[in-house]
Amino acid sequence: MDKVIELITAHVGDAAIVAVERNGLQPAIQVSPFFLRSIAKLLRDSEGFYFDFLANISAVDHYPENRFSVVYHITSIPYQTQLVLKVDVENERTMDKLPEVPSVSKVWRTADWHEREAFDLMGVFFTDHPDLRRILLPDDWVGFPLRKDYQDPETYHGISIK
Amino acid sequence: MSIYTSGLDKYKEKIASISSQEMVINMGPQHPSTHGVLRLELITDGEIVKDIIPHLGYLHRCFDKHAESMNYTKSIPFTDRLDYLASMNNSHAFVMGVERMLGIEGAIPKRIEYIRVLVCELNRIASHLIAIGTYGIDIGAFTPFMWCFRDREHIMNMLEWASGSRMLYNYIWIGGLFYDLPVGFEERCKEFIDYFKPKLVELDELLSNNQIFISRTANIGALPADVAINYGCSGPMLRASGIKWDLRRVDGYSVYPELEFDIPVGKGEMGVLGDCWDRYKVRVDEVRESVKIIEQCLARLASDFHRTPDFDPRAMVPKKVNLKSQDYYVRAENPKGELGFYFVTQEKTDIPKRVKSRGPSFNNLSVLPELGRGQLIADLIAILGSIDIVLGEVDR
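Going line by line, the protein sequences match chains Y and P.
When we follow my numbering, the leftmost residue of the first sequence carries the number 624, and every step to the right adds one.
When we follow my numbering, the leftmost residue of the second sequence carries the number 83, and every step to the right adds one.
Okay, chain P solo, but in the shape it has when bound (with noise of 0.2 Å):
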């Protein structure tokens, strides 16, 4: 068996023989900066960080070995809770791949398309708003913290309205939806972004151009391009070190070919390219960009793909899920960046071998150690909320 914790032995060696000036402290797992329950252990010499080794697995809630043991249908709400924060988003992923395997993926009804873009942005701005509002309070700032948390509550409001819940929607299903939106939502919708543009507009003010935030964010834990590849990390992180990568127009999965929006990529306008003021800008941008594809989509579904009486969502929503055996990776883009899956499908059964999900916090988290070495410890700090992790992701 030796060979098989030499791991492990190597781990608590590191740890032994720190020499006499180095200290090992323990941040987290209930830190409130590490967004959840991640525990890092920091060596440090002095203020500096030596070297950083994560701890996970807090959260871990078994997702893979769950939906090997219950039907597609029945994963779905176990996806809602992989990144709580952007549910629609995980869901829409899952049910794409399982769609695209029973060949009905060219077969749904455009309204149904778009009400998931739809619900999908508008969780991809609470998402965002979350990571800039608690981004400001690690740095210190705490107003735009309240600010973020009250424009999202606005979202929230209006999906617990589609939905019936806050967080968690279970709204996206195979093959269609829980129901059509509530009448009047379009309005309600259109209410929220006429009155959502000037917010970002303030927060950009408040907290973009703010001095003291640029000072603690920007030429901090810089990401180079190659670097970030080579660690896998995607979404936002990767597109604030300069390369234009969004699944959504890379794959242009769903509706998203026939919408116009842009990508924004870290350009260096504060410090170098890739830091931490990068990684926060793109997710202002983001959110600009999202309010765009709403305003899309509200117009498309009032004119061409307008309510009717007759129109059910559920029409195609298949009674069992028969797949023949095979085995597909599906990915989208999520608030975070790259979410997969990956089902292994069996004969005769509508119950997977194995599914496999590819949380896009668990590889921008991997990052970190290469980041944060030779940082100071409260550089840490903005280094770790600029990655904006989730943790029910991280762990599954």
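The shape of chain Y in the complex, shown without the other chains (with noise of 0.2 Å):
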């Protein structure tokens, strides 16, 4: 872990680093999401590190706060190390800008899907991914489920379904 913050700081800077988890079950590293991509590109290629499975990403709403949170579990599986990168966004939830986060699909294929289910559920938008569709509702669908403060839709195509 302490390790993990030597590099990041060593190779991407200070600034990177935005606060340190220690106190939960699993220690996590919030990162500012401006240098996502080079910490996650660095962590995959690094010597002794090697972080080249990305097990999950969820995003998560901290309702009633207007922030939002992305939250990455990468796997190092010569090692054998876990380890929780969280990116934290503002964000005033009104449809027409969503929270931006930079994507990492092109470090990590996995996160395609994963981002994209996020976009789809969670309305975070992913700078530069390649197909940023839904995944998993219709195209049509209006909102963003997983929110705390979607409300469900009265119709949909005309049909009533409440």
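Keep in mind the hints are simulated off the structure, nothing from the lab.
Quantities reported herein were computed from a predicted structural model and do not represent experimental measurements.
Beta carbons are placed, not taken as given, at the ideal position from N, Cα and C, and that holds for glycine.
Errors might be hidden in some of the hints.
[To be verified] Which bits of chain Y does chain P cover? Going by a derived footprint, with three or more residues having C-beta under 8 Å, they are:
no.	stretch
1	642-650
2	674-681
3	689-701
4	727-733
5	752-766
Reconstruct the complex from the two isolated chains, following the hints.
Laid out in structure tokens, this is it:
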């Protein structure tokens, strides 16, 4: 854990790490979204770390705060270690301005579908994603159902669903 | 809004701008070889698949949203419905995560842990039997399918005896079990194992070493290890590419460190490493390892942790799951690969703030466009079957 922090500060800079959570069951590093992609690439390719397996991406809504976070669980298969990265973004919850996080799908291809799912259900927009469409819901769905302030629609395609 | 729909526009343009000799073919959602309601949009040039666009979500049942509206105990039946062919393994992973957050993982009686592992491994065999049987039918071999289902039925009956349900058990509870094993379960399980071992030899003769089967699967859809890791493939998919990665050994959860079993990996026996035959073979070998584990569990359940009249499998079950505000990602080895649950809990309530499930099939399926590009349509069926997806888990 400390080695990872050392590596990030040495290669990306102090500004990359926003906070470090140590008191939970799984310690986590909260990083700045601007440096996310360079950190991801660094962690994947650095000797001694090789975090080559992205297990999961989860988007979390911190309602009633206007804040979303995206959590990355990454694993190193050669060293059998796990790491949690978190990215926090502020957002006003309007439909024409979604929270933006850079996509890591060029680093780990797993992120492609996981980011599409986060976009689909939570409305987090991943910049530079090659194919950001809804994945589980129909293409014409309105709103993001996993947000805590989501209201169920009255109708779907003119059919009453309440 | 336009930037948010640009992905959709790009997709529409791609479909609209195919050349005149290319054709768009829909495979599914009601196609038997897609193993559920998966729709694949193929861009083909004659018999050659140029591109694959999977469309998911036909079986989306809002697991994440459901889990956010009820307490942890009530979510367990929903986890059964994720990978409905391996319900025990799903609830085991979920329950393990909650137990670790409660800090009671080490206090669970050993008998309970052994029973959990026993039923999980039985379910793993059942799930692999479906994978093997339906894979045979995808390729055109009907008999293995009937044989596998016949043997699976014995497992279903046993698990029904223990839990009351054939497929969706709700048997493993937080801190314990629904009931102790019924009296005579161990003996019946032993009988089944004795019956089942020769059937595995038969299956090898019938399918694994069948020349037609080998010609259809060897050298098809080879998945190199680095691509597999980059796409987040896990379970038999990753092991077939030659990587010894099994969370039962890596994490050593439950009582797996006390049990002896090998981790089968692909060797490229019939063709290149990581081809469809390797993926199939890893599953067959894993069934053998599961049989070994079951035998050891039965021996331990009969001796060290035998049945006692005062044994209460619900003694540790908490009345209310009171957790402090924290987050935790739990992972476990499902028959299909790494099943993960990410919990974000909140203070003073037993309803989680966020539960995200990471289905192994979801990640394994994402490699399909990479594998299928440039292959024949018939081979695409072989590749899809060898991935062994369950749509309940892809769509959640």
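Exercise for review: Return the numbers of the hints above that this structure violates; sort them in rising order.
Suggested key: Those not satisfied: there are none.
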